[in-house]
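J.: Single-letter residue listing:
There are 2 protein chains.
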Amino acid sequence: MFESAEIEHRIDKDEFNKQVPLLREALLDIQYDLKERADFPVLILIHGFDGAGRGETMNLINEWLDPRLIRTVAFDAPNDEARARPWMWRYWNELPSKGRFGMFFGSYYSDTLFDRVYGKSDWDAFDLKIQDIQRFEHMLAQDGALIIKFWFHLSQVKQKKRLKLLEKDPATSWRVTKTDWEHYERYSLIRKFGEHMIRLTNTADAPWVIVDGEDANFRSLTVGNTILTALRNRLKQVHAPAEPLTNDAPPFLAPIDNKFILDALTLDQPTTKEEYKSKIEKLQGRLHRLTRHPRFAEHALVLAFEGNDAAGKGGSIRRITQALDARRYNVVPVAAPTEEEREKPWLWRFWRHLPGKGRVTIFDRTWYGRVLVERVEGFAKEADWMRAYYEINDFEHQLSENGIIVIKFWLAISNEEQLERFNLREKTGFKRFKITEEDWRNREKWDQYRLAVSDMVDRTSTTRIPWVLVEANNKYYARLKILETVCNTLEACLHA
Amino acid sequence: MFESAEIEHRIDKDEFNKQVPLLREALLDIQYDLKERADFPVLILIHGFDGAGRGETMNLINEWLDPRLIRTVAFDAPNDEARARPWMWRYWNELPSKGRFGMFFGSYYSDTLFDRVYGKSDWDAFDLKIQDIQRFEHMLAQDGALIIKFWFHLSQVKQKKRLKLLEKDPATSWRVTKTDWEHYERYSLIRKFGEHMIRLTNTADAPWVIVDGEDANFRSLTVGNTILTALRNRLKQVHAPAEPLTNDAPPFLAPIDNKFILDALTLDQPTTKEEYKSKIEKLQGRLHRLTRHPRFAEHALVLAFEGNDAAGKGGSIRRITQALDARRYNVVPVAAPTEEEREKPWLWRFWRHLPGKGRVTIFDRTWYGRVLVERVEGFAKEADWMRAYYEINDFEHQLSENGIIVIKFWLAISNEEQLERFNLREKTGFKRFKITEEDWRNREKWDQYRLAVSDMVDRTSTTRIPWVLVEANNKYYARLKILETVCNTLEACLHA
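Chains A and B supply the protein sequences, listed in that same order.
All letters in the first sequence, in the order written, are residues 6 to 501 by my numbering.
All letters in the second sequence, in the order written, are residues 6 to 501 by my numbering.
FYI, nobody ran anything at the bench for these hints, they're computed from the structure.
Fair warning: there could be bad hints in the mix.
Copies of the same chain look alike in the list, so a pair counts if it fits in one copy or across any two.
[Unchecked claim] Pairs of lysine to aspartate or glutamate residues, derived as DMTMM-like cross-links and limited to a Cα-Cα distance of at most 25 Å, are as follows:
| # | residue 1 | residue 2 |
| --- | --- | --- |
| 1 | Lys-18 | Glu-30 |
| 2 | Lys-278 | Glu-20 |
| 3 | Lys-40 | Glu-345 |
| 4 | Lys-241 | Asp-38 |
| 5 | Lys-282 | Asp-174 |
| 6 | Lys-18 | Asp-452 |
| 7 | Lys-432 | Glu-20 |
| 8 | Lys-284 | Asp-174 |
| 9 | Lys-103 | Glu-344 |
| 10 | Lys-40 | Glu-344 |
| 11 | Lys-40 | Asp-127 |
| 12 | Lys-163 | Glu-286 |
| 13 | Lys-40 | Glu-431 |
| 14 | Lys-183 | Glu-286 |
| 15 | Lys-163 | Asp-268 |
| 16 | Lys-183 | Glu-431 |
| 17 | Lys-197 | Asp-129 |
| 18 | Lys-173 | Glu-489 |
| 19 | Lys-165 | Asp-185 |
| 20 | Lys-439 | Asp-34 |
| 21 | Lys-362 | Asp-85 |
| 22 | Lys-362 | Asp-81 |
| 23 | Lys-169 | Glu-425 |
| 24 | Lys-450 | Asp-369 |
| 25 | Lys-197 | Asp-210 |
| 26 | Lys-40 | Asp-444 |
The model shown is predicted, which means the values in this text are computed figures rather than measured ones.
Based on the provided sequences and hints, a complete structural model is requested.
T.: Shown next as structure tokens:
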């Protein structure tokens, strides 16, 4: 893995000085091209051995390129916000926008590697984290990101020489810290586990670039040329006449008997107002006590609400929040993404709202919009919403692995019931805001949505996180079923 | 203060049911007006005694209005991110955007009141926090925010009755917590200190609305009507023919001898390259050690860079960051505000970047843009940039009070030196990105900027946070002076 990086590469001063001005100019030009077009982000990861020039490279990139278009993030130990969430959360948060550079110093690779080096993880845990990384980078790459990963290399002998040299000079001795020597002591472990990690993450989407770190001139030109070439190739590709991103996979067909999962539901349920009144507060009390259970502090709750327009999502959500401590929950209404959100990978705007330990986040519409409205309206390309099923399952899996309890509801009403509710809303002054032109337009696409919902349920209902289909023509029944489901699920998790 | 709230207000059910539909419709209409116009935010604060209907009111507002346009934030104990920053930081972060509602449950008033009630603050500390609040709300109001503060009241007898009633019913007993009874025990303290706090923050900008909390119908209608009337009045005002927001204060005049503070500087300084080389790394080492000093972990450092175009801000900043641990600093390049930033009070985009304890944030251009480019180019109204001097001093004061060391540099070059640098930049390929049409246009306004800089220095240079004017025709001299100033200031603070 590191062979080529140990054969003493060197560039002399004259050659360096000749090449640099041209390189810098080209880099700036291409950086501005990227900014102008703003169709994908560039993520640069800086890793490798201490003393191999990682810090200098960070400074170099900020000097050679326009630093105002680069987001440089050096990750330290996670703070308590980050510790309370899935480990990839803080990297999601710092992703660069389209048209910009993001440079990560000490990224998810450092967590993964040093946990292993210091014995905090075993081989299995190490490999699981590596798999998280593979999926993350694959998702980014599919989303268009250009990922450039540098590993700056030094042999152990060279590392010692370099650290000693810096330490001897009083003007530079401050650059060598205790950690550097600690890592030096562990050189062979870092090398061994590093090699394993690099091998498994050397994917076609995001290959590693191993750079001999000894000679500053060689190192700097390598970095500059790598970035330049990678960007040039990418921009050339994207310049090519836009081919529609289609999918080679077999198409999704509607069931030939035209019978859908939703048709199997009995949407009208007989619950009376009296029955509702007698049960609702008890269920709320039960829910309240469950969220105060000591073991809940080690978990978190994500409730995802989807359903037909006018199916009663808002009312159901309010019956839940009434039972919760206002300081412990958030309701996130999901509408069209903002400017900032459109510039990130599509799941970014859901990651940012994840609850910490002991907290509840309720999504009023969710990431499933990708395979519902975005599919039906054509806002997402076929290849993009097709891969979303996998990405969604992966997302929910990561939450679940982190102790977050995820429950997702589809509130189903019949076509006739919806029509009645729409008409009622238009007649009632203070309900008028709930009905828009768009709702009427969606109604016309009833069959397309039925197909999309059916595919969604089939492809994303898992044993651990199944879809809960709620018969919602009777709102009393729906609210009780939802509250009861939440209580039962929490109980099962907390008493497991 | 609470007299009118103890005379048993009551609205009967029929009257309530008659009024509510009209009120809800009117509220929704006006909420959509606000959204459409998006020229100011509405901040609603919910306070008062436990059991007086604060939680119910929060739910009510989310039910009567469109909750997708309301940002409801219930503040719990601050997390470690918040504890590492000035106490108002987390409230700044959650401010609503223009056109939207923000509802704070347990805002800065709760921190202030309960610290006093539980004896964590004395009268002086209590009053200091109240002053912070006064200035904060004044700033928000000047910025256009509509602030509606509710205090829900109950006498101690009524509070006991209400808590007992809830507790007796098994269906609602979960609503009464230990904290409620703890607060009940401290009723007279909460009342006494609450009254003091309310009195001092009952300003013309943001008066309190005291609401009798006993009868739910009375309470709900009062809240609804207050919000409706406040919004109606405000929207009427803003609808009136736009009068230019001018300033009654005496105008700023240029000194009649046309002699400015910057003219007193000797911009050319004799430092040679050799002198620079012999000193720079030692200074960097000193800076590095200072940021590793144990006492620095209790502080933070904010460096603010302003100066003429091409005065060498970027180069100076790099000489500083080279000496810092990449995980402990951030460079924030300040350009035109983003969509999100434009929708908040103007200082919001600087608050969000404040460093936590032991960290460094470097602003490449700063909040002083308000009294420089925004003044000269007319992007800010006169009244707005005039009040900015006060707001900036207050902002920096809050940082300083929280242990943040603030150092601000003005890098000054002569008109001739600037011309030379501009020409050089245009000729050098990889420097071309640093020079734009705008720079040339700014040059033509040299005299206006000279006046603005002079006013800025006069009005915002304080003993604690003075402007450091840097003679920058010679970049070696400038960089050494900056590094030395940072080191000396840190040393003085850490060894004080």
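J.: Of the numbered hints stated previously, which ones are contradicted by the structure, given in increasing order?
T.: Per hint list: 6, 11, 15, 16, 23 violated.
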